[in-house]
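Residue numbers (this note's numbering): 15 to 350.
No lab work stands behind these hints, which were simulated from the structure alone. Remember, it's a predicted structure, so these values are computed and weren't measured experimentally. There could be a bad hint or two in this list.
Below, computed lysine-lysine pairings styled on DSS-like, alpha-carbon distance capped at 27 angstroms [to be verified]:
#1 K66 to K122
#2 K201 to K72
#3 K122 to K59
#4 K295 to K323
#5 K64 to K122
#6 K97 to K72
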Amino acid sequence: MSTNHYIVMLDGSSYLPMYQQMLQDIADRPDVTLLIENASTCGCKSFLMKNKVQAITKGHLDFLAYEERLLYDTLEQHCPPNKNVYVVFFNSALWYHPYLAGTLKRYKKRWKNIKYILFYLDVVDSGVSRAAHYLQKQHIFDLIYSYDLTDAQNFGFVYWNTLYSKNEQASHIVADTQLYFCCGVTKARVPVLEKILSQCRHNHIDCQMDLVCTEPAPSLEQYAPMVTLRQADQLLPYPEVLQRQLHAQCILEILQPGRNNLTLRPYEAVVYNRKLLTNSKCILEFPYYDPACMQYFESIEDIDWDWVKRPCSVDYHYQGNFSPALLLEDIARRFV
Numbered sequence: 015m016s017t018n019h020y021i022v023m024l025d026g027s028s029y030l031p032m033y034q035q036m037l038q039d040i041a042d043r044p045d046v047t048l049l050i051e052n053a054s055t056c057g058c059k060s061f062l063m064k065n066k067v068q069a070i071t072k073g074h075l076d077f078l079a080y081e082e083r084l085l086y087d088t089l090e091q092h093c094p095p096n097k098n099v100y101v102v103f104f105n106s107a108l109w110y111h112p113y114l115a116g117t118l119k120r121y122k123k124r125w126k127n128i129k130y131i132l133f134y135l136d137v138v139d140s141g142v143s144r145a146a147h148y149l150q151k152q153h154i155f156d157l158i159y160s161y162d163l164t165d166a167q168n169f170g171f172v173y174w175n176t177l178y179s180k181n182e183q184a185s186h187i188v189a190d191t192q193l194y195f196c197c198g199v200t201k202a203r204v205p206v207l208e209k210i211l212s213q214c215r216h217n218h219i220d221c222q223m224d225l226v227c228t229e230p231a232p233s234l235e236q237y238a239p240m241v242t243l244r245q246a247d248q249l250l251p252y253p254e255v256l257q258r259q260l261h262a263q264c265i266l267e268i269l270q271p272g273r274n275n276l277t278l279r280p281y282e283a284v285v286y287n288r289k290l291l292t293n294s295k296c297i298l299e300f301p302y303y304d305p306a307c308m309q310y311f312e313s314i315e316d317i318d319w320d321w322v323k324r325p326c327s328v329d330y331h332y333q334g335n336f337s338p339a340l341l342l343e344d345i346a347r348r349f350v
């Protein structure tokens, strides 16, 4: 009998290429199955998952929408020959295909060697975490991780850095611009973007931005060709975003107002040796923080534009500690 098998549930939305890159280090391992359930369309299940319905039924009607789909078939294949089967759910995967608590409990009743693990790659109070939070309240998970230190402390989760695997092909891209930024544009972000673009133009910064607009942003149109405005259905796939970023000497990170976490940008900067310009104060506590290569700003007036323009040799001496392989090792250790 083999020791462990890991089933990692992925978000099958347009963000799938990003998650595939994050998990690339474990994609070809024989003890790992990366799984994508089709998006759920079951109206009965959606109804039963409502908080008010669960409060009344207490899960006793979950059997009405019980499922035996891809996850069931995969468990049937890997549970008998393995001592332990760890099913790792990302909160976004549960948003893409939610499960009723009763369904997951029934799987566990059939196969006693299953452990359910949840990894929050988003903050708990985000919309994409709702389905995960529902299952958490039903005490489905044997272990919960969070990439957000505040959530980990507030809810008693295990804090773990964002997972990221190095793309060896991308690591050979040579920078030929100075600054790059890609994000979705909300009303709150527009004034900050206007100031940054204005300063880039004033300081002769070779800047490129890909901005996805959910609503019109005419004030940003004047900054073409520095800015490319895209509609919500024109999202760039992650491999293309990564390539565009790595063509720049410096990656820009701008958080939404009220947030103080890290996006993928610091991880990309470290893995691929690029400068980072960010308004996330968390960067000051980042294990690879290097003030020579990373600049934190609270206001646009804080930015040292000469630093942005100045070419420099960047080497964070990355030790591979963002790899998802380390997460799997930690999971196994915790259930010895």
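Right, here's what the structure says about each hint:
1. K66 to K122: Distance ~25 angstroms between K66 and K122 Cα, so the pair holds.
2. K201 to K72: 41 angstroms, violated
3. K122 to K59: The given pair, whose Cα atoms are some 19 angstroms apart, holds under the 27 angstroms limit.
4. K295 to K323: 22 angstroms, holds
5. K64 to K122: Holds, at roughly 23 angstroms.
6. K97 to K72: Violated - the C-alpha atoms of K72 and K97 are around 32 angstroms apart, more than 27 angstroms.
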